[in-house]
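A.B. asks: Sequence:
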Amino acid sequence: MSSNLIKNLQKLGFTENEAKIYAVLVCLGQARASEISRAAGVPRAKVYGILRGMGKKGYVRILEGDPILFCCTRPEEMITRIRADFMRSLRETSSGLNALSAEGKMTAP
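Counting in my numbering, the sequence shown runs from 3 upward without gaps.
Source of the hints: derived by calculation from the structure; they are not laboratory data.
Just so you know, even glycine gets a beta-carbon here, dropped at the ideal spot from N, CA and C.
Among the hints, erroneous ones may be present.
[What the hints assert, rightly or not] Listed below are the simulated DSS-like cross-link pairs for lysine-lysine, each with C-alpha atoms no more than 27 angstroms apart in a straight line:
1) Lys59 x Lys13
2) Lys48 x Lys59
3) Lys48 x Lys13
4) Lys13 x Lys58
5) Lys107 x Lys59
[Claimed, not checked] Quick list of the computed label-pair ranges, beta carbon to beta carbon:
6) Gly57 x Ser103: 21 to 29 angstroms
7) Gly55 x Arg93: 20 to 28 angstroms
8) Arg90 x Ser4: 28 to 36 angstroms
9) Lys48 x Asp87: 23 to 31 angstroms
10) Asn6 x Arg83: 38 to 46 angstroms
11) Ser5 x Glu105: 42 to 50 angstroms
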C-alpha cells in the first residue's frame with residue numbers, strides 16, 4: 003500500500019486510518035475486522051468504529067452474518083460520491099459568499 007495513495011485519500015477527506023482500511027479492502031475484496039486490522043496496521047479495537055463510520059458515509063458495506071464481513075464500495079462509486087459532495091459544497095459556499103457580499107453592499111455607508 004503506497005503512502006502516496008494514503009495521502010491522496012486523506013486529501014479527499016479520509017482520515018489516515020480510513021484511508022488504510024479502504025485501500026486494504028480494495029485489495030482483499032471482503033474481510034473480517036481482524037483481517038483488516040492486521041493488513042492495515044490499525045488496532046482491532048478501532049477498526050469496528052472506523053468501519054461503521056465509513057459505512058455511514060457509503061464507502062463500506064457491512065455484510066451481516068457469522069462472521070461479520072466488510073467490503074468497500076467500488077472505487078468509482080466512492081470517487082463519484084466524493085465529487086458530488088464536493089460540488090454541492092462548492093455551490094453552497096458560492097451562494098453563501100455571494101449572499102454575504104450582497105448584504106455587505108446593502109449595509110455599507
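A.B. asks: Could you run down the list of hints and mark each one as holding or not?
C.D. replies: Hint by hint, here is what the structure shows:
1. Lys59 x Lys13: holds, 16 angstroms
2. Lys48 x Lys59: holds, 17 angstroms
3. Lys48 x Lys13: Holds: Lys48 and Lys13 sit about 21 angstroms apart, inside 27 angstroms.
4. Lys13 x Lys58: The hint holds at about 19 angstroms.
5. Lys107 x Lys59: violated, 39 angstroms
6. Gly57 x Ser103: 21 to 29 angstroms: violated, 39 angstroms
7. Gly55 x Arg93: 20 to 28 angstroms: holds, 26 angstroms
8. Arg90 x Ser4: 28 to 36 angstroms: Given about 30 angstroms between the Cβ atoms, the range holds.
9. Lys48 x Asp87: 23 to 31 angstroms: Since the Cβ atoms of Lys48 and Asp87 sit about 24 angstroms apart, the hinted range of 23 to 31 angstroms holds.
10. Asn6 x Arg83: 38 to 46 angstroms: This hint is violated: roughly 22 angstroms between Cβ atoms.
11. Ser5 x Glu105: 42 to 50 angstroms: Because 45 angstroms falls inside the window, the suggested range holds.
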